[in-house]
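S.K.: The chain contents come next:
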Amino acid sequence: MAIRSQKAPEDQRTLVDMSWDPITRIIGNLGIYTKIDFSNKEVVECKSTSSLFRGYSVFMRGKDPRDSHFITSRICGICGDNHATCSVYAQNMAYGIKTPPLGEMIVNLGEAAEYMFDHTIFQDNLVFVDFCEQMVKETNPSLLRRAETTEAPRGHIHGYRTIADIMRAFNPFTGAAYREALQMSRLTREMFCLMEGRHVHPSTLYPGGVGTVATPQVFTDYLVRLLRALDFIKKAVPMNDDIFDFFYEAMPGYEEVGRRRVMLGCWGAFQDPDVVDYDYRTMNDWGRSMFVTPGIVLDGQLLTTNLVDINLGIRILLGSSYYDDWEGEETFVTHDPLGNPVDQRHPWNQTTLPRPQKRDLENGNYSWVMSPRWYDSRSGDYLALDTGGGPIARLWTTALAGLVDTGTVKATGHSVQINLPKSAAMPEMQFEWKIPQWSNTIERDRARVYFIAYAAAMAVHFVEQALGEVRAGRTKVFTDFDVPEDGVGCGFHEAVRGVLSHHMVIRDGKIANYHPYPPTPWNASPRDIYGTPGPYEDAVQGMHIFEENGPENFKGIDIMRTVRSFDPCLPCGVHMYLGDGQVIRKVHSPTLGTSVSG
Amino acid sequence: MMKTKAEGGTKTRKGKAAEPIRTGRAMIRPDATAHLKGVREGNTKGHYAHQKGHLPDGRSTAARSTGINPRAHDAIDPRMPNLSPA
Numbered sequence: 001m002a003i004r005s006q007k008a009p010e011d012q013r014t015l016v017d018m019s020w021d022p023i024t025r026i027i028g029n030l031g032i033y034t035k036i037d038f039s040n041k042e043v044v045e046c047k048s049t050s051s052l053f054r055g056y057s058v059f060m061r062g063k064d065p066r067d068s069h070f071i072t073s074r075i076c077g078i079c080g081d082n083h084a085t086c087s088v089y090a091q092n093m094a095y096g097i098k099t100p101p102l103g104e105m106i107v108n109l110g111e112a113a114e115y116m117f118d119h120t121i122f123q124d125n126l127v128f129v130d131f132c133e134q135m136v137k138e139t140n141p142s143l144l145r146r147a148e149t150t151e152a153p154r155g156h157i158h159g160y161r162t163i164a165d166i167m168r169a170f171n172p173f174t175g176a177a178y179r180e181a182l183q184m185s186r187l188t189r190e191m192f193c194l195m196e197g198r199h200v201h202p203s204t205l206y207p208g209g210v211g212t213v214a215t216p217q218v219f220t221d222y223l224v225r226l227l228r229a230l231d232f233i234k235k236a237v238p239m240n241d242d243i244f245d246f247f248y249e250a251m252p253g254y255e256e257v258g259r260r261r262v263m264l265g266c267w268g269a270f271q272d273p274d275v276v277d278y279d280y281r282t283m284n285d286w287g288r289s290m291f292v293t294p295g296i297v298l299d300g301q302l303l304t305t306n307l308v309d310i311n312l313g314i315r316i317l318l319g320s321s322y323y324d325d326w327e328g329e330e331t332f333v334t335h336d337p338l339g340n341p342v343d344q345r346h347p348w349n350q351t352t353l354p355r356p357q358k359r360d361l362e363n364g365n366y367s368w369v370m371s372p373r374w375y376d377s378r379s380g381d382y383l384a385l386d387t388g389g390g391p392i393a394r395l396w397t398t399a400l401a402g403l404v405d406t407g408t409v410k411a412t413g414h415s416v417q418i419n420l421p422k423s424a425a426m427p428e429m430q431f432e433w434k435i436p437q438w439s440n441t442i443e444r445d446r447a448r449v450y451f452i453a454y455a456a457a458m459a460v461h462f463v464e465q466a467l468g469e470v471r472a473g474r475t476k477v478f479t480d481f482d483v484p485e486d487g488v489g490c491g492f493h494e495a496v497r498g499v500l501s502h503h504m505v506i507r508d509g510k511i512a513n514y515h516p517y518p519p520t521p522w523n524a525s526p527r528d529i530y531g532t533p534g535p536y537e538d539a540v541q542g543m544h545i546f547e548e549n550g551p552e553n554f555k556g557i558d559i560m561r562t563v564r565s566f567d568p569c570l571p572c573g574v575h576m577y578l579g580d581g582q583v584i585r586k587v588h589s590p591t592l593g594t595s596v597s598g
Numbered sequence: 001m002m003k004t005k006a007e008g009g010t011k012t013r014k015g016k017a018a019e020p021i022r023t024g025r026a027m028i029r030p031d032a033t034a035h036l037k038g039v040r041e042g043n044t045k046g047h048y049a050h051q052k053g054h055l056p057d058g059r060s061t062a063a064r065s066t067g068i069n070p071r072a073h074d075a076i077d078p079r080m081p082n083l084s085p086a
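For the record, the sequence lines run as chains U and G. End of the first sequence = 598 in the working numbering, gap-free, step of one. End of the second sequence = 86 in the working numbering, gap-free, step of one.
Wrong hints could be hidden among the right ones.
[Unchecked claim] Coverage of chain U stretches by chain G, computed from C-beta distances (three or more under 8 Å per stretch; other residues unrestricted):
{"#": "1", "segment": "63-77"}
{"#": "2", "segment": "459-473"}
{"#": "3", "segment": "477-491"}
{"#": "4", "segment": "523-537"}
Quick caveat, the hints were computed from the structure, so don't treat them as lab data. We put the beta carbon where it would ideally sit given N, CA and C, even for glycine.
If we strip away everything but chain U, and leave its shape as in the complex, we get (with noise of 0.2 Å):
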């Protein structure tokens, strides 16, 4: 907070715009807006962009309700099947039926080795970049000198004798971490495939259950690949805790980087299928039951843990996005099934209508991304939740509400605590994941790698359990249906980087609306009709910057870590505007052998 305060009179500042624009997604669609004070180093302002118009809820209506979960399959080429996962619940919900527990199972088997792929990929493949001993080379070199003779308080777990040790692990291509989390993404892909047939738009996927074939060859072929990665994700926990401990060590007030208010949503995610039978009216109880507890955390209180009130409070807001209001548009649900009232601005009444026009960062919309937030009716506030990348949020909430317990997992009200059992190399051993002080850009790194433990740990359970039902005999993994007239349906669910909904309505046994809802809406959202600065902008303004290089080579890692901290999927290009008119151009094409740059 002692940085925060250090600020200079606006008059005396000369502020330098800094823009890194696309960011992320290998087409390309956020880009990162600045205006970078250098003599107080300090963000002073940020705005979020996105140039890409999806319109999946424009070429949706009309279509069969049978199709939604292949076509929103491919809104994504990393996480898909999230959304083939998510596409399902609703639809069961509209359908009426329920998928049987050994098809459950397997979605749920499929979901962890989901997790565990891509959290690896993007912490140990592209995160880290950010952390490796060529980047802090060219970013921070006192830090890296610092790191080269601080010993690794966990080295007898991973191996690594010192700090610097781990940044070099690091190095893209070359480090031995970055090459084995390339090997260990094969692996939890495989498992995945066994499940749900394909990755990432899985073939075996359908309403009312799973096509997977359910044998104990299935599931003993996956649990081996799973004893596998339990040997990597040991090592993985403690490497992570060092190098994050390290940063707060060496660099006082490092935790403001990237810091905001605690406003975490979480949608939940592995249903249980003891309780789970998708009907609206039982949402609460279904929801409560899953096995990473939904729920909104609003400085550091657990809001509430009902599905229903975290779906009555989801609002679509305009203010900085290309869209025309749909304030005058039909309006598809009055009330829920359970006759609550349902608004207009609710995804179940959303009308896509697309205004493109000239980007105006200054006064006006700047983005393709809405604004979506969630209405807090006891304060009247529209919250601009973040999902801090995903697992920041998923444990957080699922350790204040106390619910999960298999054995493998305990969520404890303040931490969670996750068992894993022996494997080839490696003894059995015991993680604690305990609430951080804060929401910034470190602990929402450091919890992505406890959650690849939390998940292969859920995975453990779910293998056992779904074995024990091969073995009774009962092998039932889908259940037939009709497609009625009329309906409406809502799945909730977490995507690999966060919040995930499908909205979907009915009309004449087609689709009439349907809204996804990814995490990227909420984390990269532009300011909203409200003036409310969506979670990117909000972290990166006002913080604080590290990097020792001046505006001449600035590199811009603190601003880097942070947006890539909410995981906003696959970093490919970079090109950077400096704003007295010179322009550099830094396109980054990963090569074996060249140096870290971008």
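Using the hints provided, position chain G relative to the given structure of chain U.
M.R.: For chain G alone, coordinates are given in the frame of chain U:
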């Protein structure tokens, strides 16, 4: 200009002119939805009961995996779980 296949322009391996493929009248536009009302699809209610080897109580027999002498692959003792091959 080269003749299209439909116009008999292509030739078989032996050099004879290929017969154009005879097709019926197109009944749907190519971009129409794959699902048509009245067509029974895999999800239709009642299909589970018609699937061979899938029992009403959620268990299954080897008939779900093979149609060739499935009984030989069933459990020896009916009290044992029936783990059919994939």
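S.K.: Report holds or violated for chain G covering the segment 523-537 of chain U, Cβ cut-off 8 Å, minimum 3 residues.
M.R.: violated (count 0)
S.K.: Quick check: do three or more residues in the segment 477-491 of chain U have a beta carbon closer than 8 Å to a beta carbon of chain G?
M.R.: Contact hint for the segment 477-491 of chain U vs chain G: holds, 6 residues under 8 Å.
S.K.: At a Cβ distance under 8 Å, does chain G reach at least three residues of the segment 459-473 of chain U?
M.R.: As far as the segment 459-473 of chain U goes, the hint holds, because 4 residues have Cβ atoms under 8 Å from chain G.
S.K.: How about the segment 63-77 of chain U: do at least three of its residues have a C-beta closer than 8 Å to a C-beta of chain G?
M.R.: holds (count 4)
Checked against the numbered hints above, the structure violates only hint 4.
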